[in-house]
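**Student:** Residues per chain, in single letters:
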Amino acid sequence: MNTKIYSNLRSLLLLGVFMLSTLLTFAQDRRVTGKVTGSDGQGIPGVSVLLKGTQTGTSTDASGTFAINLKAGKDVLAFSGIGFKSSEVKVGTQTNVNVTLSEDISALDEIIVTGYSSSNKKESTAAVSTVRAKDLQVIPSGNVEQQLQGRVSGVTLITNGQPGTNSIIRVRGFGALGGNEPLYIVDGLPVGSTDFLSPNDIETTTVLKDAAAASIYGARAANGVIVYTTKKGAKKARKMEITYDGLYGTTDPNVAGAPKMLTPQEQADWTHIAYRNNAAANGTPVGYTHPQYGTNAQATLPDYLHANGQNGVRGPVDLNAIKAAAAADPFGVFLIRPNLAGTNWYDEITRNATIMRHSLGFSGGSENARYYFGLSAQEQAGILIANDFRRYSFRANSEFDLGKKVRIGENIQFTYRSVVGQAGGNNGLGIADSESEILAAYRMPTVIPVFDELGNYASTKAAGFNNPRNPVRRLQRNNGNDGNINLGGMGNLYIEYDPIQNLTLRSSIGGNYGNYYFKDYNYRYLGDSEPEASDSFGEGSGYFFGWTFTNTAAYKAKFGQHSVSVLGGIESLNTGVGRNIGGSGINPFSTDLDYVNLSLVNNPQVNSSLFSGVNFYSLFGEVKYNWKDKYYLTALVRRDGSSRFGANSRYGVFPAFSAAWRVSGEDFMKEIPAISDLKLRLGYGEMGNSNNVNPNNQYSLFGSNRSSSFYPISGTNSGADEGYFRTRIGNPDARWETSTSTNIGIDVALLNNKFEIAIDLWRKDTKDLLFTVPLPGVVGTQAAAPSVNIASMRNQGLDLQLIGHGKIGNDVKFDVTWNSSFLSNKITYLAPNVSFFGGNGYRGISPIRNAVGQSISSFFGYQQIGYFNSAEEVRNSPAQAGAAVGRFKYADVNGDGVITPDDRTFIGSPVPTYTGGITLDVKYKSWDLSTFLYTSLGNKIFNMSKWFTDFHGTFEGSGKGANAKNSWTPALGNGAKAPIWESASNISTSGAENSWYVEDGSYLRMANFTIGYTLPSAITSKIGIKSARISGSANNIFTITSYSGLDPGVGGAADTNFGIDVGNYPVTRSFNFGLNLTF
Amino acid sequence: MKIHFNFRKKLIASFAVATLALSCKDSFLEVLPTGSLGEAQLASKAGVEGSLLGAYSMILGKNYSRLAGPNNWVLGSILGGDANKGTDAGDYTAINPIQRYEVDPTNGDINSVWNAKYEGISRCNSTIRLANASKELSATDKTKNHWRSSFYQRRLLL
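Protein chains in written order, with the working numbering: chain A, 1 to 1079; chain B, 1080 to 1237.
All the given hints hold, so there is nothing to weed out.
Partner residues are not named here, just some residues of chain A that face chain B (Cβ under 7 Å, in silico):
1. S643
2. D721
3. S983
What the hints contain is simulated information worked out from the structure, not anything from laboratory work. Glycine included, each C-beta is placed from N, C-alpha and C at the ideal position.
Looking at chain B on its own, in the form it has when it is part of the complex:
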């Protein structure tokens, strides 16, 4: 009986120690993201301005196909007859059917060009949302309207 009691006491003690040491607070399982910003952090005037710059940067079409760039060398210059692809037929073969007006829907470059444009539009819309939500900006509607017109203009540009 005594042994049994001892055993229980020891067991309980051991688990108590372990549980204390480990007592799982929910905060232990909250690990916040690194190297990024929350929406609230962009609510300032500088944040909305920066978001607008992000939208402008999509004019450059970076991180998309080489066809998405602002000079529009394939869909503009090559299709317009101002330029040729250069090198040889076996290099960047996806451009050949575009140049021949034979492009089929599997051509990933076309998709990428549109993706770049829609990303720009998406960034404009996101900026409008940030501006609408921003308490700092709503102080003067004038400013807000200025922003707005700027975004819509940007959307048209794309």
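Isolated chain A, as found in the complex:
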């Protein structure tokens, strides 16, 4: 009974409380309106407005106004918008709240994402740089990494003009003798390349430069780590935001900038001059023996270069007879008239290339979910014929709260990527030193037309022009039907769980799958002096799959004035297993594209390979501590085990320590108001690198190879018997290369953050460098010699970033960022009794020597001190093989009175000592303007292309450069640009590497100039557009350089062999029109 009354009473009481609270709520739930404006008084659309302590929120409309209902006891509104500082306003009794948001321009609040955790620049104790997402978008390129050039201090970046090419990207120098590419992390997953990323999907880019930042990646950190995160949406109740970013433009091949060639008549005249010079040098009578230029002293051009087997035809030909012959033998009969005006072969192989990129982004969220979808298409033509890049990508990122403590999410991207007509090894990186079709354009004489009179491609079947091949044919025919497809999916799935406050456990499983297919058609052509006699066809495909499994625990807490954050993790991964298969054959019955396949070709050959990747198993941890936001300490360590090394030395431990002191936090600094922020940083640690060693290095292996170990012991004419040979000598003791990095940094902000300065002085010593010590030839050279941990290298430098923000009057605002990197690179040790190793040979020229005490890939050769200007000078100079009047005169470096190979010396280094970039952004009302200048100073280029064009005797008869007119004559003397025009080839002419090829590669390039206009929101909002901006930009507007080649950006496929320009693909001017819409 008692219980019942009690229960009734309770019900009544509850009802009463409920009613009361409802009344109270009604009383307090009121509507507040307002407007959010920027410092310029314009309304800001899309600002999120949240009633603090609740999940009630809204966002401002196109004119910046908002309306929100307040709830009982809650009257603080929180405003946040991208690019603006967040702000909170207590409403009190107001019904109309107007808020002015200041722009968030301080770099101190920049998010730094290390992949496993994130912090902001204010708290960072390490050397870390970030790149604004917008800077990655302005210049369209096939690989977003190219846009880091000049945007990050401490990063050296050399690239070329091929769409979708790889580039040399080196964070803080060249740490090892190879495998110096940084580690790329995309949304926490390590990837081999970032060429799949659409720049519009990228939210943050962080470059971890020193051990204090990068060592969390331990064994793979030595080359720096570049961490990308993609857009994610935000957990706020708001409408979906749709963005469209489009770009359309064209790239100009810069025909005017191509090296000048001799005109047809000039080439004929200079051929006869060479005959006279030869006769004088040899003491023989002059013979005018060229099959085209006549037998008189004055060279003339014939009426036909080639007419069905006859060369240098003067007078009419029997056209009908030739046509009849051509009908009988369509591949073998040519009728070539000289192109008296001269063919500009560079112009013929290039084109105005269009580019377009369209990106759609859908982002949004609710209180407990967020998402981003990105669709992007980019089609970019190369300036070379039949060189095309295409990429279509779809990205979906999302995260959902499951209750209050658990979140699940995923990031995934699917990509279609196709690059046709790319040349150069290592995905285009090796184009600079390859004998590309661009070099072929210089090697082809101008007198030969692109097509002959019968409509065939014309070429060197016309006698007397040596062996170049018509590059227009090669590109149109041999690349025109080629294709390739790369399909890939990469992403991860993760779960986060907060078992207690401040502790987050995270588990992520990620994968990266890729699949490729290619087809390659090449066609018979008999019009070259060295004909390509067969039609050929090849196709192939392959796949790879890599995975990463990461588990981390992160704890963050504040005890009074002490802040601590702790991170621990376990990671295992495989870099990718896969297979490749490819086949080729020649001469199918018909070359009809609908007919040809590998079953229908002659001599079919098939090859395949498989690979297992490298497994890593790693443990890592990080502790960060700070007291009063004044003193910061960070310690981190990673222990890596890798299958790349044998059981003897499989594990490596990489610790790093860093500290920072916010001096401006001290009381004595409060009296210096000009200094808004001052922080000193010190970091020391070890990082590992294992890229530069084959995973099989630990094993001694045998194998077979059709080309080098098969022998027809039974005497058959077709095929051979399988043989085996030792393919590798193993070193089970090889271990990590270790880089010890020291970094001293200062971050200063002056005058209320108007100026910001970040200086980092650093040194990186790499020891235990993996070096394949050359074995004596008597051991046999086909077995790969083992890499041993023996060499060492030192990189040191200074990174400098200066940022300024300012205003001119009330309307003009500007931001300037100047990034500078000074770099010194030196090999300090190789191996006992090994002081150097060489590089590649180019037509008998070996320009590279990697030597102790020099930078990587240094140029080595004779020092040319002029020309022999008289017979007397030849007699009075140190004896030199092949010395004669007008030839190169070399310095007797060792002073022994005779020029020998011992007189070769170091004649330059391709490593730039300074690289830098200046970005200027100006805003005036609705107009914005930005420009970007890039410079690279102190690097030298070995201009090997001059070997082909600047000597008469190199492939005599082929196309020659205008430098012939500046070749040595008694009058020009040492002012000549090339030695005497003659046929001889020896070390005094074209037969040796020397300083004549070496040119200064320094340059300054205006890489971008953009003008944009944002339409008034009053107009655009009427058609449902939140903001609309149109822009026009010009890229690579001018380049100031003394380099005589097409482009001073000369890379190479290997770090021990770059800076050699044989046929580089230039970066040229382009113009784009852009449209950015937000709905």
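Since the structure of chain A is provided, determine the placement of chain B on it from the hints.
**Tutor:** For chain B alone, coordinates are given in the frame of chain A:
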């Protein structure tokens, strides 16, 4: 206290799961090479025979300089005055000083010719080692001697 206990339990549980899933066996870090043979795989008669064929194949000097081939066109025919290089002085310039008896030690072609010969000798020696180690072959010394003489002959040929 209870919260603390819970936290510990959860933490331990989470790490236990992670550790179990990842428990690093050494075998995870053993990734065997692909597309190649171990020495043991060549211990059979066929393996040693194949290794001998590999040694013979070096008579062809493949994968070395064009001067290393069996016809010896430069060091034999050109130096002997039977042949000329052809084309012009600017093509394959490394041959010019050889033809003039002026070759200097930086000429990579000479090195390559010797490298090809020593590779052949190295393959012979490697075959002898394989034969000595082979249990299958040691059954009859006669066979072994036959192999041996064959290798030594091959070494002389180079």
